[in-house]
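Sequence lines, in order, name chains A and B.
If you're matching positions, the first sequence starts at 1 in full-length UniProt numbering and goes up one per residue.
If you're matching positions, the second sequence starts at 1 in full-length UniProt numbering and goes up one per residue.
Don't take every hint at face value.
[Unchecked claim] Partial list, computed: chain B residues near chain A (C-beta under 10 Å): (1) Ala18; (2) Val20; (3) Gln24; (4) Thr38; (5) Lys238; (6) Gly267; (7) Asp274; (8) Arg324.
[Unchecked claim] Listing some non-contacts, in silico: residues in chain A with all C-beta distances to chain B over 10 Å: (9) Ile11; (10) Glu21; (11) Glu66; (12) Tyr68; (13) Arg221; (14) Ser249; (15) Ser270; (16) Asp310; (17) Leu322; (18) Asp361; (19) Lys390; (20) Pro405.
If you're looking for bench data, these hints aren't it; they were derived computationally from the structure.
Cβ atoms here follow ideal geometry from the backbone N, Cα and C, with glycine treated the same way.
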Amino acid sequence: MADQGGSQHGIARTSRARTDEQRTLDLERIQKYHLLEEEIRSHVSQHNYTPHVFQLTSKLLKLNPEYYTIWNVRRRLLIYGLFSKPSAGSLPSTASPTSSPTATTTTSSAACSSSLSTATPPAPGPQTAGRSGTTADDNNNTEETHGAAEEGNQQNDLNIIKTELGFTIPLLLESPKCYWIWSYRLWILQQAIDRLPVLVARRIWEEELGLASKMLTKDRRNFHAWGYRRHVVEQLESSQLGGKSMAESEFEYTTRMISQDLSNFSAWHSRSKLIPRLLDERKADDAAREMLLNEEFGLICRAINVGPEDQSLWYYHRSLMLNLVGFVGHPTITPAFSRDDRVTYVVREIEGIKELLEDYDDVKLIYEALIDYTLYLCQLLGRQPDVTEKQAMTEWLAMLKKLDPMRNGRWNDLERDCGLLNGGRRPKVVSIDVGQGQGQGE
Amino acid sequence: MAEAFKKLPEKLQLATSAHVKYIQSLDTRKDEYDYWLTEHLRLNGLYWGLTALHLLGHPDALPRAETIDFVLSCQHENGGFGAAPGHDAHMLSTVSAVQILATIDAFDDLEKRGRGKAQVGKYIANLQNRQTGTFAGDEWGEEDTRFLYGAFNALSLLGLLYLVDVDKAVDHIVACANFDGGYGVSPGAESHAGQIFTCVAALTIAGRRGLVDADRLGRWLSERQIAGGGLNGRPEKKEDVCYSWWVLSSLEMIGKTHWIDRDQLIGFILRCQDTERGGISDRPGDMVDVWHTLFGITGLSLLEYPGLQPVDEVYCMPKSTIERVLGR
Ligand SMILES: [Zn+2]
Chain A
1 MADQGGSQHG IARTSRARTD EQRTLDLERI QKYHLLEEEI RSHVSQHNYT
51 PHVFQLTSKL LKLNPEYYTI WNVRRRLLIY GLFSKPSAGS LPSTASPTSS
101 PTATTTTSSA ACSSSLSTAT PPAPGPQTAG RSGTTADDNN NTEETHGAAE
151 EGNQQNDLNI IKTELGFTIP LLLESPKCYW IWSYRLWILQ QAIDRLPVLV
201 ARRIWEEELG LASKMLTKDR RNFHAWGYRR HVVEQLESSQ LGGKSMAESE
251 FEYTTRMISQ DLSNFSAWHS RSKLIPRLLD ERKADDAARE MLLNEEFGLI
301 CRAINVGPED QSLWYYHRSL MLNLVGFVGH PTITPAFSRD DRVTYVVREI
351 EGIKELLEDY DDVKLIYEAL IDYTLYLCQL LGRQPDVTEK QAMTEWLAML
401 KKLDPMRNGR WNDLERDCGL LNGGRRPKVV SIDVGQGQGQ GE
Chain B
1 MAEAFKKLPE KLQLATSAHV KYIQSLDTRK DEYDYWLTEH LRLNGLYWGL
51 TALHLLGHPD ALPRAETIDF VLSCQHENGG FGAAPGHDAH MLSTVSAVQI
101 LATIDAFDDL EKRGRGKAQV GKYIANLQNR QTGTFAGDEW GEEDTRFLYG
151 AFNALSLLGL LYLVDVDKAV DHIVACANFD GGYGVSPGAE SHAGQIFTCV
201 AALTIAGRRG LVDADRLGRW LSERQIAGGG LNGRPEKKED VCYSWWVLSS
251 LEMIGKTHWI DRDQLIGFIL RCQDTERGGI SDRPGDMVDV WHTLFGITGL
301 SLLEYPGLQP VDEVYCMPKS TIERVLGR
C-alpha cells in the first residue's frame, strides 16, 4: 500500500541501544500515553461528548498526530456535542452531496462495537459547550428567536471551525506529510460549507488558499501542497461557495512560480492543465490560440537553452508537441491547426533543438527529443522515416547508448521499433500513434 | 547472473538471517515509546513483515495461530478492520488483514471465528462512491486512487469484486491519466510513481491493462533511475528504496523491467541494508524500518535476486499465494 507515514525517511541510522536512564524515561512516557488513551476510551464508551474529553484528544493528538482513531473521536465530539444542531428547515448540513461521499455515509460507525467508534449515541441534551450557555428553547418558536438562535449557532460553529483550523497548524508544521491531519483539516473546512453562510465560509476557504501558497513558498515542489492547492481552488470555484473560475489567476500563479524556479515541474504541469480551460473561458479565436502556443514555446525554449539537462522542461516541451500531433481524449490548444501548420511547427522545433547540440553535445535529453520528434513528424506525414532521417536517428541512438547506458534496454527496443537495425523489420512508427493509450484491450 | 553476484563484496550480499531476526524483533519492542506511537500501523506493519519473511523463504518465522488471532481481534462488526484492537476500521488496515489471511491461508478462520468474507466485502464495497467510482478510506476521509487499488486488491482476493462498480472505477482511473503516460492522485494531478502503481495494478486486476499507454509510461518510469542506481518517484527528486517497488512493479506489469539497469538497482538496495542488525532503509546510512525492508526485498525479488521467492507485481504478495487464492 502507499505511504501512510510511520516509515522512516532521511533519519540517520544510529544504534538502538538505550541507557538505563533512557529506558526508564521511555517507560514513563509510555505509561502517561496509555493513561491518556484509557481516559479517552472510557469517556467515549460512556458517550461523554464534552469539552473536557475534547481537551484530552487535543493532548493525545499533540503527542501522536497519526492516531487516526482519535481524530475520528474528535469529529464525533464535534458532531454530537459541540457543534450546534441545525434547527429544522435551516442549513441542509449533512444532506449536502459534498459533505461526504454518498455511499460512505451509509457505513456509519453505528455497527462498530469494539472500538472508540462505539455506537453513535443519541445527541446529548441541550448543547451548552463552547457557547454562552443559552440554547434555543424548543417552545419558543417565533421567527425572531429562531433567527437569533440560528445566528448564535453559526457564531458558535464559526468559533469552533476557526479554533480547529488553528489547532492543526502547529501539528502540520511539525508533520507536514501526515495524511490524517490534512484529512481532518479538510473535514473541518467542509463543515464551514455545511454550517456557515456562504460568504463566511468563502472567507475561510480564501484564507486556506493563502496557507496553500505559503506552503508552496517553503517547498515549491511539495506534491501534497500542489494537490491541496488544486482542491482549495476547486472549492472556491464551486457554486456552493458562490465562486467562479480562477483559471486566470491560477495561470498567473504558475507564471510566478516558474519565474522563480524554472525547474518546477509541478508548476509546468499545472500550467498545461490550465491552458485549454483558460482559452475556452477567454473565448479565444484561432489567432489568440496560436499566439498563446507561440508564447509557451518561447518560454519553454528559453528555459531549455539555459538548462537542457532538466527533465521537467522537456516534459513540458513534449506536452506542447503532443498538442500538435494530437493526444486523443485530451483538450488541445490549437484544434483548428491544419496538418501543414502542425508540420511547420514540428519542423521548426526539431531545427531549434538541433542547434542546441552546438553548445550541448553531451546532453542525452536532446538526442531523445530529436528522435521522438522525428517520429512525430513521420506520423503527421503518414510515412516511414526516410534514409536521411534514419541515418540521423542511428547517430542519435548511438549517442544515447553512450551517454545513458543505464537505459540500454530501452534504446535497444527503440532501435528495433524504428527499424534501425541492419536488415531491420518494418518500422513500428505508425504504432507510436499518440492515441494508443485510449484503446481497448491488449 | 548468479556468477556475477558471487563476485559482489561480502557486504553487498543480502543479509537474510539478519532481516528475519529484525522482523521477528518488531513485536518485542513494547518498552519503546515508538512502538506505541506507531500502533495505528500495526496491522499494516504485520503485513509488511510477514510478506518480507515469506519472500525471504522464512514463512514460519512468525507464529501462525497468534497471527490469525491478532488479525481477527482487529475486526469490527461491520466487517472492517482497525489497525489494532480499539482502533477504528479503515480501508488500509482492512486490506492488510485480507492480505495477511490470504498469505497464511486463513480465510477459513475468518469464516468460522471472524465476521466472514461477505461482511468484509460489504464493508469495502460501501466505501465506493457510486457516482464517481472512487473509494474513500473510511466514512470521514477523502477519496484517493490508493483506496481504489486497495479495494480491488482485497475484493479480488476474496472473490467479491462483483460487489463494486468496476467500470465506473476504471473510468475514474482513465481520467487520472496524464500526457506522460503516468497517473496522478486525482484528475488533473501530476504523475507520481506511487499513484502509477495503484492505477496500473487496479487496471490489471480489472482486466483492463490495455488502457495503459505502455510505451510512454515505460519511458517515464525508466527515467526514475538516477546516478547511483536508485529510483525516485518524480522528476528531479531523490532516490528512495520504496520506489524500487512502485516503479519496478509498474515496469514489470507493462513488460518494461529491462528498461532500467538491474544490477545498479540491486547494488543500491543492498547498500541500504543494515547488515548487522537487519532491516533496510530509504537510503544508505539511514534508519531502517519494516516498510523499506519489505519494498527493498520485493524490489530484489522482481529483479530475480537469487534465493528470494517470486513476488506478485500486482498484489505485492508471494506469487505462490496469488496462484493458490486465485486458482491460477
Ligand atoms: Zn521511502
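Exercise. Taking the least C-beta to C-beta distance, is B/Arg324 closer than 10 Å to chain A?
Worked result: violated (21 Å)
Problem set entry | chain B versus A/Tyr68 - minimum CB to CB distance exceeding 10 Å, so not interface | Contrary to the label, A/Tyr68 does not stay out of reach of chain B, its closest Cβ about 6 Å off (not over 10 Å).
Exercise. Per the stated criterion, does the least C-beta distance between A/Arg221 and chain B lie above 10 Å, as a non-interface residue requires?
Worked result: violated (8 Å)
Problem set entry | Proposed interface contact between B/Asp274 and chain A, which counts if any beta carbon pair is under 10 Å | holds (6 Å)
For this session: Evaluate the condition: distance from the CB of A/Pro405 to the nearest CB of chain B exceeds 10 Å.
Result: A/Pro405 not clear of chain B: closest Cβ-Cβ about 8 Å, inside 10 Å.
Exercise. A/Leu322 clear of chain B by more than 10 Å, beta carbon to beta carbon?
Worked result: violated (5 Å)
Problem set entry | Distance rule for A/Lys390, whose beta carbon must clear each one in chain B by more than 10 Å | Its Cβ never comes within 10 Å of chain B, the nearest being 20 Å, so this holds.
For this session: Under 10 Å, Cβ to Cβ, is where B/Lys238 needs to be relative to chain A, so tell me if that hint holds or is violated.
Result: With a closest approach of 9 Å, the B/Lys238 hint holds.
Problem set entry | Assertion that A/Ser270 lies outside the chain B interface [Cβ separation over 10 Å] | Violated, because the least Cβ-Cβ distance between A/Ser270 and chain B comes to about 8 Å, which does not exceed 10 Å.
For this session: Against chain A, run the beta carbon of B/Val20 and see if the smallest gap drops under 10 Å.
Result: It is violated, given that the least Cβ distance between B/Val20 and chain A is near 17 Å, above 10 Å.
For this session: May I ask you to test the interface hint for B/Thr38 with respect to chain A, counting a Cβ-Cβ separation under 10 Å as satisfied?
Result: Constraint on B/Thr38 satisfied, holds at 5 Å.
Problem set entry | Minimum Cβ distance from A/Ile11 to chain B greater than 10 Å, as the annotation requires | violated (4 Å)
Checked against the numbered hints listed earlier, the structure breaks hints 1, 2, 3, 6, 8, 9, 11, 12, 13, 15, 16, 17, 20; every other hint is satisfied.
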